[in-house]
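Visitor: Protein chains in written order, with my numbering: chain L, 1005 to 1312; chain B, 1005 to 1312; chain E, 1005 to 1312; chain A, 1005 to 1312.
Please note that the accuracy of each hint is not assured.
Copies of the same chain look alike in the list, so a pair counts if it works inside one copy or between any two.
Claimed, not checked - Each computed DSS-like pair below joins lysine-lysine, with the alpha-carbon atoms no more than 27 Å apart: (1) 1125 x 1052; (2) 1008 x 1180; (3) 1125 x 1263; (4) 1008 x 1305; (5) 1059 x 1008; (6) 1126 x 1180; (7) 1125 x 1305; (8) 1305 x 1254; (9) 1052 x 1008; (10) 1126 x 1035; (11) 1052 x 1254; (12) 1139 x 1126; (13) 1035 x 1052; (14) 1059 x 1126; (15) 1263 x 1059; (16) 1035 x 1125; (17) 1035 x 1250; (18) 1180 x 1059.
Keep in mind the hints are simulated off the structure, nothing from the lab.
4 protein chains.
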Amino acid sequence: MAMKLPWKLVVEWISEGEGCFREIVSVLAEKRTRFQEVMVAELSGLGKSLVIDGKVQSSLLDEHWYHEALVHPVMITHPRPRRVLVLGGGEGATIREVLRHRSVEEVVMVDIDRDVIEFAKKHLGEWHQGSFNDKRVRLVIGDGREYITNAARRGEYFDVVILDLVDPTEGGPATKLYTVEFYEKVREVLRGEGIMVTQATSPTLTPRVYAVVKNSIARVFRITTPYVTYVRSYNGLWGFVTGSDKLSPKELSREEVAKRLRERIGTSLRFYDEETHTWMFSLPKPIRELLETIKDYATDKNPVYVPV
Amino acid sequence: MAMKLPWKLVVEWISEGEGCFREIVSVLAEKRTRFQEVMVAELSGLGKSLVIDGKVQSSLLDEHWYHEALVHPVMITHPRPRRVLVLGGGEGATIREVLRHRSVEEVVMVDIDRDVIEFAKKHLGEWHQGSFNDKRVRLVIGDGREYITNAARRGEYFDVVILDLVDPTEGGPATKLYTVEFYEKVREVLRGEGIMVTQATSPTLTPRVYAVVKNSIARVFRITTPYVTYVRSYNGLWGFVTGSDKLSPKELSREEVAKRLRERIGTSLRFYDEETHTWMFSLPKPIRELLETIKDYATDKNPVYVPV
Amino acid sequence: MAMKLPWKLVVEWISEGEGCFREIVSVLAEKRTRFQEVMVAELSGLGKSLVIDGKVQSSLLDEHWYHEALVHPVMITHPRPRRVLVLGGGEGATIREVLRHRSVEEVVMVDIDRDVIEFAKKHLGEWHQGSFNDKRVRLVIGDGREYITNAARRGEYFDVVILDLVDPTEGGPATKLYTVEFYEKVREVLRGEGIMVTQATSPTLTPRVYAVVKNSIARVFRITTPYVTYVRSYNGLWGFVTGSDKLSPKELSREEVAKRLRERIGTSLRFYDEETHTWMFSLPKPIRELLETIKDYATDKNPVYVPV
Amino acid sequence: MAMKLPWKLVVEWISEGEGCFREIVSVLAEKRTRFQEVMVAELSGLGKSLVIDGKVQSSLLDEHWYHEALVHPVMITHPRPRRVLVLGGGEGATIREVLRHRSVEEVVMVDIDRDVIEFAKKHLGEWHQGSFNDKRVRLVIGDGREYITNAARRGEYFDVVILDLVDPTEGGPATKLYTVEFYEKVREVLRGEGIMVTQATSPTLTPRVYAVVKNSIARVFRITTPYVTYVRSYNGLWGFVTGSDKLSPKELSREEVAKRLRERIGTSLRFYDEETHTWMFSLPKPIRELLETIKDYATDKNPVYVPV
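Start from the sequences, fold in the hints, and give me the full structure.
Guide: In structure tokens:
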């Protein structure tokens, strides 16, 4: 037969009864770290991809749909972001986007898994593009929540906090980074017009989790702004939530977004611009209704989990 | 073991190396018609779904994300749509949405597969909600292109033409309903401020096809407007294109959309409103660039196909 | 593309990490009974097949590899089988094979699921071939273990008992039909040179279960004889065990098997003959060693289960 | 959820509509050679396994069911095998079994893929157990058919020829090693009571191919003996065929098999003994009928292929 049936697959389960699979065209690198199983592979449809514990974390096909959506709205909304804290984001693509903003003086990046960072430095050059070597970056290996708690205690402040975390799973490493108690700590390290953003799972694949994350942030901050992009590598729409006592990215006009991008970055981005901004902050009605309907929030005692 | 592994699956192939699967919780009805294999089943994640030749056509989970996105932008954009032509749309959900508009006097629905219509009438009550019995509906069993050609010849005119077709596939029944020659026929039956819309496959899963459909329409109409929704049942973003010599849905202000909805329909819809409108017509930058980059169009001699 | 990718699948899980899938070419009939979910479908590779709760029970491709292997060795070994008890065997193929033996005067078939029997009568004609209408057959709807217990109490005797049961699963209907206590009941209804046989799962896919069934029978009967066939529909070698105080099928010479088949049945069978008999009762060394190594047996309190 | 859904899979397609999958627990080594894609991985159900181009070649679970079945029947049947030729068998397990026979003076092993041999030496120690270092082994990298043709020309002779080849596939490297013309060459290098054996695909999964291989050998040798083992790693029964002008393994009595094993090898094997011999050479009736029904044979011009 002339066809080519796939024989080596990554299966991503959305639930016990639903999932997507992609052919592993070739494995480029693999490592079992203390915390997780990490693979860089060429996947059918996505190209070079980072897979952790069976979940595609990002792929060359559309990592910019995710990383630019995560970073730029809060950075553009803040009047002058100088000190930025990033939790997670091992690929180095989140700090790469942060560093594009000329106002940035220091980025502290905290990741729990040293091996993943080493692995990314070596195998994910297309993602980090050397960002780990930027003088403005300070890398901390350790627990993100602990870092923030200590930072608050010693009076360290940030303008922007970016939470680029794995999904909350039962027994997983990030579960306590999606609770009211944690967001209270985040609020403590944000100064003045500080603003935070977190990835918040999918509003369509795990709608309850998305709403719970939004509600948990809303219990801590005066202004909570949910927004949505699409990431094919994640099999659907993908949600974020910002929290701040002063700022809302949704209030920015298209003209203001365009102007700030021009002034602060200069070169044009691959995904984010004023029209993309409008797209992300205009939620389709069913997502708005979801967010109005669900009232639950997550605490350390009652955390929220994605199903698989 | 306590878990429940799925054992009856629908697999939807995106390419030879990529796909999604869903558990068939139960089969509700099945039929092999002269043209296609039709199944109504309860699917994991999607609920009750219509599957034709292995492709989920729509599910109760989000058929409104598709049908409202297809119908309402052109209907709202037209100043007073009275006569509407629908090709395809066997579930009856497209005419259901058309009929909500009080100005509508006649809807002609043309579908090639009588068995699918009979099947839908019987098994898809949640979709059509009795629309096939509405006095304004005239159902024609036959080839859509032939119908339009004859309509043009005998001087029959429509305000809105809605193309709710299966994807173009090699040897498939709808391939000649995505070509320049066909759109020329469509233009002939549109009177005055007439406007057409077609589903146009996915801008992210089959980007070239999406761009080719847009370009083919742009060769015929003065104004071509691409827009995008998301349909989880289709595994990604989903695209549409409108064509008209006078009208562009993108030009409508939020206020005007809200006003017309209020005046023409009255009750609120499940998916479409002015913010959803903004969301659909604001394209993320990579899709805009895709549409600028690809120049190909489809003709009867050089049609376009989705890969599987 | 010219190829034909499968889109409707039955997946048979061997464990959480292993399984086989087959395309559902068409569903012929489906029913959810009080006890189980039953489907008759045309499957790729197997042809028309009966699937219960996600497990292929038998297919036209090779149901004779299973049913003839189950029935004929004990029937041929017994000097003159007149009264035969069959538990399970809803397809009607087990009684079909029993009825080929001219000495048979009565077959009592006990099955718990009336709906499965009705379903089989209607949709599995190729299997039962009218056997349910044979005057020698008495069909009892009820619990097999209860039936045997009552039969023993009222002094009812059989020459051959054939256990054509679903695999023992946690919470499943047949778990108490694979225990020492149950085999003691079976022994009570066997008269004189009586002999029983049970399907015993796969010696290679679930080796421990196979050995436990063999050991459980060995605690009750003087002579226990394991043997093995292959059933592609079950994805591997398939095991049986006979129990008797007097008879062992393995002791029969090839000539004696051939002679008895000639005298008692006349027409030739599709699978079973003297060479097939030799094949089934000659175990490959690893299976013999498995049976020597494992000492466990199953009781009502400590039953045995297949993993999924 | 407590369960563990598999996310990295090897899928082995039996046809376009049928296949088996196994979880890749971990990849131990991978290499793309000039001829094929080679992987050593821990697979669910099978343990450490060699996978070439998506086909499991052997696994620690049951490589002895294959390699002992391939090697020992012909070795035991030959009165005194001194010079043995092995084509293929890159794992080194075939020569490992040959070397157990004390009479062996020289084993020539010919394999086309130097990289596979190097890979096996390094990663498949459990298979070859150092056999590549045995002084009686001569390794030749090259085309097997060419080697035999040249050997015949220069008058080199062997007692036993063992064909441990990949299946014949369209465009694959082994297709011309299953034809009448090739077996004629094999016959030329066999002296006196020489005997050959080839793996012959599955009599149940690819029955026509199995029969064609048997018929092709039968056109060249006076005595052709088909036999069958089971290999779970290959998803079914697995067939072999011997060819010789003088010898038939089937004629050996159980006692003779036992005696020769004792005298020639001494220590007991894991799979093969006199009862296993009986099992392998007693074919179930449907396989015998298959071999009687199909009359085709393969030539260089009309070769035979497995479907995928």
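Visitor: Now, for every hint given, state plainly whether the structure supports it.
Guide: Here is what the structure says about each hint:
Within a single copy, residue 1125 and residue 1052 get their C-alpha atoms as close as 15 Å, which meets the 27 Å cut-off; across copies the closest is 31 Å, which misses it. For the homomeric pair residue 1008 and residue 1180, the shortest alpha-carbon distance between copies (22 Å) is at most 27 Å, but the shortest distance inside one copy (44 Å) is not. Proximity of residue 1125 to residue 1263 under the C-alpha cut-off of 27 Å is found in neither arrangement, the shortest distances being 34 Å within a copy and 54 Å between copies. For the identical chains of this complex, residue 1008 and residue 1305 are inter-copy neighbours only, at 25 Å across copies versus 50 Å inside a copy, given an alpha-carbon limit of 27 Å.
In this assembly of identical chains, residue 1059 and residue 1008 lie within 27 Å of each other by CA distance both inside one copy and across copies; the values are 25 Å within and 14 Å between. Proximity of residue 1126 to residue 1180 under the C-alpha cut-off of 27 Å is found in neither arrangement, the shortest distances being 29 Å within a copy and 45 Å between copies. For a Cα distance limit of 27 Å, the shortest separation of residue 1125 from residue 1305 qualifies neither inside one copy, at 36 Å, nor across copies, at 50 Å. When the C-alpha separation of residue 1305 and residue 1254 is checked against a cutoff of 27 Å, the pair qualifies neither within a copy, at 32 Å, nor between copies, at 47 Å.
Within a single copy, residue 1052 and residue 1008 get their C-alpha atoms as close as 20 Å, and across copies as close as 26 Å, so both meet the 27 Å cut-off. Both within a single protomer and between protomers do residue 1126 and residue 1035 lie at most 27 Å apart by alpha-carbon distance, with minima of 12 Å and 20 Å respectively. For the homomeric pair residue 1052 and residue 1254, neither the shortest alpha-carbon distance inside one copy (33 Å) nor that between copies (36 Å) is at most 27 Å. When the C-alpha separation of residue 1139 and residue 1126 is checked against a cutoff of 27 Å, the pair qualifies only within one copy, where the shortest distance is 19 Å, while the shortest distance between copies is 43 Å.
In this homomeric assembly, residue 1035 and residue 1052 come within 27 Å of each other (Cα to Cα) both inside a single copy, at 16 Å, and across copies, at 18 Å. For the identical chains of this complex, residue 1059 and residue 1126 are intra-copy neighbours only, at 20 Å inside a copy versus 31 Å across copies, given an alpha-carbon limit of 27 Å. Taking the closest pair of Cα atoms, residue 1263 and residue 1059 never come within 27 Å of each other, the shortest separation being 37 Å inside a single copy and 44 Å across copies. For a Cα distance limit of 27 Å, the shortest separation of residue 1035 from residue 1125 qualifies both inside one copy, at 13 Å, and across copies, at 23 Å.
When the C-alpha separation of residue 1035 and residue 1250 is checked against a cutoff of 27 Å, the pair qualifies neither within a copy, at 43 Å, nor between copies, at 56 Å. In this assembly of identical chains, residue 1180 and residue 1059 lie within 27 Å of each other by CA distance solely inside one copy; the values are 20 Å within and 40 Å between copies.
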